[in-house]
Amino acid sequence: MAVYKKTYRRYEGPLTPERQRFLVIPRYAFEEMRRSRFLNLFFLASFIWPLICALVIYLHHNLSALKLLNLDADKLIRIDAGFFLTYLGIQSMGAFFLAAFVGPGQVSPDLANNALPLYLARPFSRSEYVLGKMLVLVTLLSLMTWVPGLLLFALQGYLEGASWMAANLRIAAGLFFGAWIWILVLSLLALALSAWVKWRPAAGGLLFGVFFVAAGFGGAINGILRTRWGNLLNISHLIGSVWVSLFEEPMRRGAGAVFFRVARGEEIPIWCCWAALLGVCLICLFLLGRKIRGVEVVR
Amino acid sequence: MQPVIELDNLEVRLGERTVLNKLTASLTGRSIGLLGPNGAGKSTLINTLLGFHAPAAGTARVIGLDIRTRARQVRGLTGYMPENDSFIASMSGVRFVRLMAELSGLPQEQALERAHEAFFYVGLGEVRYRQIGTYSLGMKQMTKLAQAIVHGPKVLFLDEPTNGLDPPARKRMIQLIQEIRDHGDLHLILSSHLLRDVEECCDQVLILKDGQIAAFCNLEEERRANRKFLELETRGANGTFTAALAKLGCQTAPGAGGRIKLVLPDGVEIRQLYELAAQQQVQIRRIHCKRDSLEDIFFKAMEPANGRL
Chain Z
875 MAVYKKTYRR YEGPLTPERQ RFLVIPRYAF EEMRRSRFLN LFFLASFIWP LICALVIYLH
935 HNLSALKLLN LDADKLIRID AGFFLTYLGI QSMGAFFLAA FVGPGQVSPD LANNALPLYL
995 ARPFSRSEYV LGKMLVLVTL LSLMTWVPGL LLFALQGYLE GASWMAANLR IAAGLFFGAW
1055 IWILVLSLLA LALSAWVKWR PAAGGLLFGV FFVAAGFGGA INGILRTRWG NLLNISHLIG
1115 SVWVSLFEEP MRRGAGAVFF RVARGEEIPI WCCWAALLGV CLICLFLLGR KIRGVEVVR
Chain B
4 MQPVIELDNL EVRLGERTVL NKLTASLTGR SIGLLGPNGA GKSTLINTLL GFHAPAAGTA
64 RVIGLDIRTR ARQVRGLTGY MPENDSFIAS MSGVRFVRLM AELSGLPQEQ ALERAHEAFF
124 YVGLGEVRYR QIGTYSLGMK QMTKLAQAIV HGPKVLFLDE PTNGLDPPAR KRMIQLIQEI
184 RDHGDLHLIL SSHLLRDVEE CCDQVLILKD GQIAAFCNLE EERRANRKFL ELETRGANGT
244 FTAALAKLGC QTAPGAGGRI KLVLPDGVEI RQLYELAAQQ QVQIRRIHCK RDSLEDIFFK
304 AMEPANGRL
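Taken in order, these protein sequences are the chains called Z and B.
Read in my numbering, the first sequence has 1048 at position 174, and its numbers run on one by one without any break.
Read in my numbering, the second sequence has 11 at position 8, and its numbers run on one by one without any break.
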């Protein structure tokens, strides 16, 4: 490309479609992320567990391999809703760490450097900005959770037969919707905290605080008041309950997913869990709406 | 001629405070200055035109587009250089400007090409791959200008563009603004509290005070008019000289001590006054051109009703 035109001239060329411009933000964000060695390694490591799961599914259906390893198929982990729920729990916890690392870097640098007026002085709305930033997290977390999950389901269906697939479509739906709920809550929380806390490490730390400190506080309420309603503050409990209802209702067998346990006797009505998660999302959107502005008005 | 900016009873409130109070004006100039003391509402007016603040009453139009209903189109036609530092510190200059060009709708390749061009144009070609966080204040100002012009806007909003610049950097910035004004097919809206910046770059000036329009003047007309009002200090002048001036078509008002105030008609040059004085053997010791500068206009506009600043 020749750089010889050193005078001001108007741009007369074609423009990209307005509705696609929010995709510019994730493209730049991914280019930035590619430079982080830690992030690349973490992201690659997040596929170890799906690979182990795929290996287990494969072993289940390969008699010669089982014989070679001297294993009994019945003694291996059962490939059922519990298996996929465990898979989702482990991957979702990985996704949480990734969100805590990537999320704070999304909005806080723009706020700290006062870059928002430059974004929003263009034909680019606040919602497109949030959507673009959210797409970064949604893409990464999807690649960690439901995308490999559905591939595992497809592998199991392929090896087990179409009848198994048809009988267990609920698992696929649970994987897809369960992961999406977690991704939405996590992305919105990470962005909202990133918008309010301009210092990146503090925003990441606060995300851990929201999950673990709030869960501890909920547990304390449960203990002191001898109630179950403290679980409304425990996001992992809320997500676990929703997952159980998506994967196993009405024949509930387990106690939720690993890291997202729903202890028997401590359940709260499922509609309360949905409402609480919706409340978290709405609060996050409100917080983002307050902060993502062209100019900050000090009243 | 279509107005660049039309203010139609525009009122903006931030909380309980009315920051812009029923502004009505139609600005048609190629380069328009927004002048006023700190807190007069200049930046708020620009922010409102860009859609950052919703008008509480009235409306405004930018190149005929209503900011209430067509804010997105307005932002598509404008470039904005904000007053404060605005950038992404961890990005290289050219990458940042390219991002801004892409957000304005330029395809990737054109955005990259224009980002390079814009950087060379503002004189930062050699440092375009450095992180913006390492730039000096002057470089950051130029980067802000580069991102404002990279997509070739029709209206360019410059909010205090010379803020914090040393004299050479200020001179360079003013030269660039003048060049963009003279060679670019765009309109400039320059907000500043520095009279010199506005005087050097603008042909129309809107003076704001306490959120209201204190004065509006066409600098070009003022400059033209100023050339017509003269005050002569003479020796030896008498009624004959005044009559001869009147014969030339000048309106005259003789004063004490040989002073004569006059209005020069079109087509009469100052040289002719000297020729006339030579014929009449009158000495012209001094000629004062009336200089009602922007400074005078500004201070007149700032005067409250009781005459005290």
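To be clear, the hints were calculated from the coordinates, so they are not data collected in a lab.
Everything numeric in this text was worked out from a predicted model, so none of it was measured.
Glycine included, C-beta positions come from ideal geometry on N, C-alpha and C.
One or more of the hints may lead you astray.
Claimed, not checked - Under the rule of at most 20 Å between Cα atoms (straight-line distance), these lysine to aspartate or glutamate pairs were calculated in the DMTMM-like manner:
{"#": "1", "chain 1": "Z", "residue 1": "K1072", "chain 2": "B", "residue 2": "D88"}
{"#": "2", "chain 1": "B", "residue 1": "K157", "chain 2": "Z", "residue 2": "E886"}
{"#": "3", "chain 1": "B", "residue 1": "K212", "chain 2": "B", "residue 2": "E306"}
{"#": "4", "chain 1": "Z", "residue 1": "K1165", "chain 2": "B", "residue 2": "E306"}
{"#": "5", "chain 1": "B", "residue 1": "K157", "chain 2": "Z", "residue 2": "E892"}
Unchecked claim - Covered by chain B, according to a simulated footprint, are these stretches of chain Z (three or more residues, beta-carbon under 8 Å):
{"#": "6", "segment": "991-1003"}
{"#": "7", "segment": "1050-1058"}
{"#": "8", "segment": "1138-1148"}
What the hints assert, rightly or not - Taking beta-carbon pairs under 8 Å as the criterion, some of the chain Z residues facing chain B (in silico):
{"#": "9", "residue": "Y885"}
{"#": "10", "residue": "P888"}
{"#": "11", "residue": "N987"}
{"#": "12", "residue": "N988"}
{"#": "13", "residue": "A1047"}
Each hint, compared with the structure:
Distance hint between K1072(Z) and D88(B) is fulfilled; the C-alpha atoms sit about 16 Å from each other, no more than 20 Å. Distance check on the hinted pair: K157(B) and E886(Z) sit about 11 Å apart at the alpha-carbon level, within 20 Å; holds. As the CA atoms of K212(B) and E306(B) are separated by approximately 10 Å, the hinted pair is consistent with the 20 Å bound. Of the supplied pair hints, the one linking K1165(Z) and E306(B) is violated, its CA atoms being roughly 39 Å apart against a limit of 20 Å.
For the proposed pair K157(B) and E892(Z), the alpha carbon gap of about 18 Å is at most 20 Å, so the pair holds. Requiring three or more residues with a Cβ within less than 8 Å of a Cβ of chain B, the coverage given for the segment 991-1003 of chain Z holds, as 9 such residues are present. Under the rule that three or more residues need a Cβ within less than 8 Å of chain B, the assignment of the segment 1050-1058 of chain Z is violated, with 0 such residues. Counting residues of the segment 1138-1148 of chain Z whose C-beta sits closer than 8 Å to any C-beta of chain B gives 0, which falls short of three, so the coverage hint is violated.
At a threshold of 8 Å, the smallest CB-CB gap from Y885(Z) to chain B is about 3 Å, leaving the interface hint in force. Of the supplied interface hints, the one on P888(Z) holds, with its beta-carbon coming within about 7 Å of a beta-carbon of chain B, less than 8 Å. Of the supplied interface hints, the one on N987(Z) holds, with its beta-carbon coming within about 5 Å of a beta-carbon of chain B, less than 8 Å. Look at N988(Z): its Cβ gets to within about 5 Å of chain B, closer than 8 Å, so that hint holds up.
The beta carbon of A1047(Z) comes no nearer than 37 Å to any beta carbon in chain B, farther than 8 Å, and the hint placing it at the interface is violated.
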